[in-house]
Amino acid sequence: MLSKRVIVCLDVKNKKTTKGVKFAGNVDVGDPVEMGEQYYHDGADELVFYDITASAENRPIDIDMVRSVAQRVFIPFSVGGGLRTLEDMREVLLAGAEKVSVNSLAVKNPTVISEGARAFGRQCIVLGMDALRVEPTATIPSGYEVVVRGGRERTGLDAVAWAQRAEELGAGEICLNSIDADGTKSGYELTITSRVSSAVGIPVIASGGAGTPEHLREVLTEGRADAALIASMVHYGTYSIAQIKDHLASAGIRVRR
Amino acid sequence: MRESLAILDYGAGNLTSVAHAVRHLGCEPTITRDPDVVRAAERVIFPGVGAAGASMDNLRRFGLDRALRELQASGRPLLGICIGCQVALNGSEEDGGVDCLGLVPGDVKLFRFPAGITRKVPHMGWNEVAFTGNHPVFAGIPPASQFYFVHSYFPVPADDSVVRGTTTYGGVRFAAAMARDNLALVQFHAEKSGPPGLRLLRNFLDWKPQAA
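Keeping their order, the protein sequence lines are chains A and B.
Just add 69 to the spot in the first sequence (first one is 1) and you have the working numbering.
Just add 66 to the spot in the second sequence (first one is 1) and you have the working numbering.
No wet-lab data here; the hints were simulated from the structure.
All residues carry an ideal CB built from backbone N, CA and C; glycine is no exception.
Mixed in with the good hints, there may be bad ones.
[Said to hold, decoys possible] Short derived list, chain B residues pointing at chain A, Cβ under 8 Å:
no., residue
1, Met-190
2, Asn-193
3, Val-228
4, Glu-257
5, Lys-258
6, Leu-264
[Unchecked claim] Which stretches of chain B does chain A cover? Using the computed rule of at least three CB atoms under 8 Å from a CB of chain A, they are:
no., stretch
7, 84-92
8, 111-123
9, 126-136
Only chain B is shown next, with the shape it has when bound in the complex (with noise of 0.2 Å):
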């Protein structure tokens, strides 16, 4: 039997993209925001645009949370994208202050330059990610490839060990791919970042994660 693949249907904006680009890539995903689907999938997407308050409120709605924290304790693949990112670690500066997921230690906070730089927010466009270690979902990328992203906040692990790539804007260097034990974290949008995404993609349709 083909394994299963959710994608997270929380009301948090455009998962089409994400349904669309895993199509392409031979898989046939289910759209979901049922907690028991989400239990029973082999490998989970969290996708997402939009604000983290709102998304956590849905989460919790759906009763989301709990079972993505038990995807998380079972070891089974999960990839958060933007905003999917952002809610797996403790807490975000956004709507005023939202407990989030912890599924990593860290926060996400508002882009602030230093004294000097003026940039725009959202950090709106394609940017560089510069990939460290041999991670299976971020392998195969090639040096200097750029993604796609849009957002205003980013986000900040405690652990600088869970940190696979960085981009840099106006003088801000951030975590922009992550991974710990079966989780890997995006801030961009792989979905619409041309080849390079799909590539992301498809590792993580391959990525059979140790167990923890």
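One chain only, chain A, in its complex shape (with noise of 0.2 Å):
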């Protein structure tokens, strides 16, 4: 039987990792590569590095500090923020990372999922996307809208409908971040999740809110999430993955250990 995952997630900002609440007020907790050993070996089953300012400052991703992940960790990992091309995903991928992901650039450009799909095999291609909770309307059925640039930006896509598409254009899987939920410490958004998750064929990693063991559990059962990303509840050692995992063996749920 298939574990569910637990992911790590590394905001990585001037080559520090950072940790923010709602993508604002960002404060430096360490090295992401020093950190994403420790991870590993703490028994983590997924890394995952986003470069958060790459874009904003259109400069591609650190390829070194992807080098130097790859030569120390033995788990997968997958890389976001500034991939603009196929290239820079190539890079990327030859650099040793597992995965990479696209959001607001296959907002923009959906074909990029399908062409990376192509070239790599969908596997590589995770969506990342950021929902906001929204009233429905006929073009967001769901109540939930994709929003681009941390948030900032709406983009008139339905979150249901826009994981089903990329799906279809070839996304191998999808990381589904609450931007309501984000930076709060009070639980993934289930519902979201929950339909995303039940909407698609492949697997989704839930994102944002998690503050407690408890919390993943949450997800992973009602919310019905592949994987549950965290960060700032290990990075600052609130808890450790030990005692997250171990609180989602007891509740029956099956885990790496």
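Two chains, two frames, some hints: make the complex.
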């Protein structure tokens, strides 16, 4: 039986890991390569590195960092932020990342998903999406709209419809972040996670809002997520990965230990 | 002289991870698509992600299909990972049906689940491999160890005696690890499977298959 995955997200800015509250007021918490290696040894199932400033600063992601991680971490990791072309993706994958994550780039140019899937295989392409709760309308029937630029810009896309479209285009996985829950530590947004996960046949990683191990249990059961992304709850030492997995296992969820 | 390890680069995705993992174990690999380098290597890792059709096309284009058959006959150790494992069989259902290398009799089939069971495909993530027997490549791996899988198709060897480890997904039990003579084949990504994966790679680097 497949285990539910606990994935640690490292937001990287100026070669440091940061964790922001709703994408504002980031504080440095450490070296991403060292932190990644530590989480690998602590039992993380997967890592995600987001270069959160690369795309705003219109520069490519730090390839040396990707290579250093790949030399020391022997679990899958994905890389996002600042990827603009297939060549950018290729460079990251050749440096040793297992997957690339595209978010606003895919909204602007959805063919990047299909081209990436054709060139590197579906399993390499993660669609990252940020969903914001809105009043349901004819164009946003789910009541969750896709937003970009850290939530600053609305796209007019319905989150469920966009997830299905991304799957059709060839995304291998969806990382769904709730802008409403992100940074609150009050729990994942179960409603949209469950709706997206039920609407697609590819794995869904829940993101945004994790504060306690119980939050992961909720999203991996009621939220129907295949994996849960965590950041600050481990970055600041509030919980260890072992504690989180113990909690999940005691609730009958299969995890890797 | 140190034994040479070749890692096949046939345009089928990420072999960097395999190279990093064996370097971590103290072995400097040669990454190559030259069939003569493969012929000269003491041992070979045949990695790969992606689709069976494109992989076979590339293997034939570079002349690596023949080099791999010669390697099998030579008795030198070969480790196939993921697509490298699948194309070692006779054929795959992927891409409308693909003729493969036929190093091990059997086929590769798409996941189809028993009635009433729905599961996401690809089978992506960590799952347990139940190893059987005491093959040197799969020795010393703690029971119930989990490995990282990413695949939509799975190997179905014709002869059960090659099966060295099984995994179950959605009620489908499949051969996750196989071995025959000088070949070891794994459906999972040993190079991305943490300590048990590194142990398996270490075992492979130390493996001296008995002459067939």
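Okay, the hints, checked on the actual structure:
no. : hint    : verdict
1   : Met-190 : holds (6 Å)
2   : Asn-193 : holds (5 Å)
3   : Val-228 : violated (24 Å)
4   : Glu-257 : holds (7 Å)
5   : Lys-258 : holds (5 Å)
6   : Leu-264 : holds (6 Å)
7   : 84-92   : holds (count 4)
8   : 111-123 : holds (count 3)
9   : 126-136 : violated (count 0)
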